[in-house]
Every structure is written in C-alpha cells, then in structure tokens.
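Every letter in the sequence shown is one number past the one before it in full-length UniProt numbering, and letter 80, counting from 1, is 80.
No wet-lab data here; the hints were simulated from the structure.
Among these hints, one or two may not hold up.
No more than 20 angstroms apart at the CA atoms, straight line, and that leaves these computed lysine to any residue pairs for SDA-like [unchecked claim]: (1) K97 x E70; (2) K258 x L248; (3) K256 x C230; (4) K235 x A257; (5) K153 x Q171; (6) K235 x Y246; (7) K97 x L241; (8) K131 x I212.
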Amino acid sequence: MFNDDDDFDDDDDDEDDNDLFESDLDRWISNFEHELPKEFVSHPDAHQIELDIFYQNYNSLITPLTKAIERLLPRHYPLFEDELRPKVIERINKIAKDTASTTLIGLFRLVYDQRSGVKIREKYTDFETLKEWYARSPQPQFIGNEYRSAAPKLTDQEWAERVIEVNESIQEEFDEENEPRVEFIDALQSVLLPNYREIENLNSDELFAYAIILSQGYSDYCNDAWLIDCFIEFKLPISDLDLPEYDLEKKIVAIKAKRLEEKNSRLAEETQANCEE
Numbered sequence: 001m002f003n004d005d006d007d008f009d010d011d012d013d014d015e016d017d018n019d020l021f022e023s024d025l026d027r028w029i030s031n032f033e034h035e036l037p038k039e040f041v042s043h044p045d046a047h048q049i050e051l052d053i054f055y056q057n058y059n060s061l062i063t064p065l066t067k068a069i070e071r072l073l074p075r076h077y078p079l080f081e082d083e084l085r086p087k088v089i090e091r092i093n094k095i096a097k098d099t100a101s102t103t104l105i106g107l108f109r110l111v112y113d114q115r116s117g118v119k120i121r122e123k124y125t126d127f128e129t130l131k132e133w134y135a136r137s138p139q140p141q142f143i144g145n146e147y148r149s150a151a152p153k154l155t156d157q158e159w160a161e162r163v164i165e166v167n168e169s170i171q172e173e174f175d176e177e178n179e180p181r182v183e184f185i186d187a188l189q190s191v192l193l194p195n196y197r198e199i200e201n202l203n204s205d206e207l208f209a210y211a212i213i214l215s216q217g218y219s220d221y222c223n224d225a226w227l228i229d230c231f232i233e234f235k236l237p238i239s240d241l242d243l244p245e246y247d248l249e250k251k252i253v254a255i256k257a258k259r260l261e262e263k264n265s266r267l268a269e270e271t272q273a274n275c276e277e
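Kindly produce the complete structure, drawing on both the sequences and the hints.
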C-alpha cells in the first residue's frame, strides 16, 4: 500500500524520466542540426510531433542499419578484420554509424517533404540532371572493331577470339568492382523496406530521390572507409587519426602519388633496359 509521500515520489520519478528523454532528444537535435529541416532546429516546440516521429524512427532503425553496414566492412576492406588498435577500431565503427545516420535522416526528410506537399521537381531545380546522372546504370567499357588496327598481325578469326577473351575479362573485372555497391544497397534495403513502410507510399520521383539517397550513402561509406583503409595500409602513426579529415586525406593522396611515380620510374627503367638488350 502506498502513502501520499510514495505517490509524490513516483511523480518526481516520472518527471525525471521526461527530463532524461527531453535531454536525449535535445542532444539528438544538436547532433543533426545541419541535416534536419531548419524549422525543426529553430522552432522545435512547433514541430514536436514531427520531431518525435523522426526520433522514434531513428532509434528503431539505427542499430539494425548500422549492423548491416558493419557486416560489409571487413568483406569490402579486408584490412579492417585484423585491426586491433582501439582508436582505429573506433574509427572503423564510426563509418557504419555515420553512414546509417545520414542515410536515415535523408530518408526521413524525403518522407517529411512528401507529407508537407513538397514537389521534388520544385524543390530541386536540377532534379532532371540528377535523374539523368543517377539513371545511368554502370556499364563495362568493352572493346570492339574500333581497336582492330591495334592488332594488324592477327587474322579476323584470331581477332574475334581475342575480342571475346578481353571482353570476358572486362566483364569479370566490372562485376567484381560493382559487387560492393550492389551488396551495400541490398543490405540497406533489407532493413529499410520491411521496417519503414513509408517507402511504399513514395511516388516515382520520390522513389528516385530515395535511390539517390542510398547511392550517396554508398559514396560516403566508400570515402570514409578508403581513408581508414589507406591509413592502415600505409602504416601511418596513430596520431594521424587526430588530424582534420582533409589533412589526413591530403597526406594519403601525396603518399599514393609518390608511390605511383616510383612505380612508373621503375617500369621506365625496365623498359629501357629491355630495349638496350
């Protein structure tokens, strides 16, 4: 049996719980203030319902989406699998969380725009350009008869066989390079489609915008992972992880350029030596 004091204490506990929830929500808004609709950040009280929906959907989706991306990382970047340094592991884990977060916020904004009556083509004046660009399915660049003059000593039959052989190799290389992108999109959709049914209500233009969001997510994923992959490959000091991302990228690009120059120099020397023989 509870006395009046117990009832009063329970009310205090409820208020503390509400304060904690509001604190978490405020922190979340602060973390994504540049990604959320501006009116959400400037006038959160006026958009409390929408913010609550965003926040609840984010909390329900962020963990499974992050885990789906985490499973891909060691497959696409094998050097990550054997990494033991805590600070590097922290950066690797951040790749999946950041990619999942930006993808979700982009998707939530798309659905919010739809519910607000925003027309995609009116909001994005370059929508047709984007649509044309992203609608181009990646295709391998095969060789054809335009290269026939490069092999004058081959008979037509030999040339035809060579074309088949080379194009099969090009196709295999293309499939290998495109596979990570396909796996990434499939992984995200395996979480989003069954758990965020609002996608089913998108019209054709909005679905295309959704596809662009996923493609941008893959670009972010690749850029962030490439940076840490190179950091590990080049055995850079752990202190380099404290550098601004631009400075770390600049350092890595310089190393790659130097290695390419050294490789080309060696090839030139070998070619010269073969000619002299």
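Status of each hint after checking the structure:
The hinted pair formed by K97 and E70 meets the criterion: a straight-line CA distance of about 8 angstroms does not exceed 20 angstroms. For the proposed pair K258 and L248, the alpha carbon gap of about 16 angstroms is at most 20 angstroms, so the pair holds. At roughly 9 angstroms between alpha-carbon atoms, K256 and C230 fall within 20 angstroms of each other, so this suggested pair holds. For the suggested pair K235 and A257, the alpha carbons sit about 16 angstroms apart, so the restraint of at most 20 angstroms is met.
Between K153 and Q171 the CA atoms are separated by roughly 25 angstroms; this puts the pair beyond 20 angstroms, and the hint is violated. The hinted pair formed by K235 and Y246 meets the criterion: a straight-line CA distance of about 18 angstroms does not exceed 20 angstroms. At most 20 angstroms may separate the alpha-carbon atoms for a hinted pair to count; K97 and L241 meet this at roughly 18 angstroms. The straight-line distance between the Cα atoms of K131 and I212 is roughly 9 angstroms, inside the 20 angstroms bound, and the hint therefore holds.
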